[in-house]
Amino acid sequence: MKTNTFEKESSFTQDLETNENLEDLVLNNENVEKLDFSYLEQKRVDLNLSETALSQVLRIAVYDEMQAYETYSAILENLGDIEPFSSIKQAEAVHYSVLISLLEKYEIDVPLNDWTNKLTVPNTYIECCEVGVATEIVNIKMYDDLLKYIQEEDVKDVLYRLQAASYNNHLPLFRNCVKEYYNKDAGSALFNPEEMMNKASEYQNLLEDIATGNIDQDKITQLLGKMNVSMVSGAALGAASSAFLSTYLNKNEE
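Just so we're aligned, residue 0 is where the sequence shown starts under numbering that gives the first Met the number 0, counting upward by one.
Incorrect hints may have been included.
[What the hints assert, rightly or not] Restricting the straight-line Cα-Cα distance to at most 25 Å, the calculated cross-link-like pairs of lysine to aspartate or glutamate (DMTMM-like) are:
| id | residue 1 | residue 2 |
| --- | --- | --- |
| 1 | Lys147 | Glu103 |
| 2 | Lys155 | Glu76 |
| 3 | Lys155 | Glu106 |
| 4 | Lys147 | Glu106 |
| 5 | Lys117 | Asp156 |
| 6 | Lys147 | Glu40 |
| 7 | Lys147 | Asp108 |
| 8 | Lys178 | Glu76 |
| 9 | Lys155 | Asp45 |
| 10 | Lys117 | Glu179 |
| 11 | Lys155 | Asp144 |
| 12 | Lys117 | Asp45 |
Bear in mind the hints are in silico, worked out from the structure with no lab data behind them.
Using the sequences provided together with the hints, build the complete structure.
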């Protein structure tokens, strides 16, 4: 993955992060027909579908941003107004709205935001930060994949900038809160962003297993081990594993 993919931040991204009307920009689209296509949760374009690649890309992107927004909203509801979740939730609200504007421009239906009923979140700060690390890594890799299918310059520009926001802003914030919790040295390679991104495809595959229900405790432990964030053993690792699983898959609701 080329580093310059993540270096295209400008005043556009900064404006997104500081917009004063973030909550108003998150659209209530309860009346929009749900697009029940597997590619939305798999985060992969399927060229065998009659739907255009542009349509799939924008739907996948906004559905993923919806998930991030609702995840961080639920965490804040549980833990109170705490950083970095408060700031990142606000940023996700704007990311969400910018993508919806592109969907409207290209006359593409917006997928229903149904994440509220799907998500449960951990009860502890550190577990929530671990979820944040994994969520942002998968988000970055998703944009890297989606950009391969896009020719439209305005769409490319937005996707690059949203990806840059995750890589340059969100991932470091979550990485730092995990690092500080485990009292790791600031220069430790375990928390190096390049090292994390080198393993992005591994995170992606494991998270897809979780999303589809093809998961067990060993796979969850494997994921947290690859993240190098649960640096404890025994009961603590088991608790983190269970929390991570519950965030992505609520089996009792299915």
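How the hints compare with the structure:
{"no.": "1", "hint": "Lys147 with Glu103", "result": "holds, 22 Å"}
{"no.": "2", "hint": "Lys155 with Glu76", "result": "violated, 34 Å"}
{"no.": "3", "hint": "Lys155 with Glu106", "result": "holds, 17 Å"}
{"no.": "4", "hint": "Lys147 with Glu106", "result": "holds, 21 Å"}
{"no.": "5", "hint": "Lys117 with Asp156", "result": "violated, 31 Å"}
{"no.": "6", "hint": "Lys147 with Glu40", "result": "holds, 18 Å"}
{"no.": "7", "hint": "Lys147 with Asp108", "result": "holds, 22 Å"}
{"no.": "8", "hint": "Lys178 with Glu76", "result": "holds, 24 Å"}
{"no.": "9", "hint": "Lys155 with Asp45", "result": "holds, 19 Å"}
{"no.": "10", "hint": "Lys117 with Glu179", "result": "violated, 30 Å"}
{"no.": "11", "hint": "Lys155 with Asp144", "result": "holds, 12 Å"}
{"no.": "12", "hint": "Lys117 with Asp45", "result": "holds, 24 Å"}
Checked against the numbered hints given earlier, the structure breaks hints 2, 5 and 10 and satisfies all the rest.
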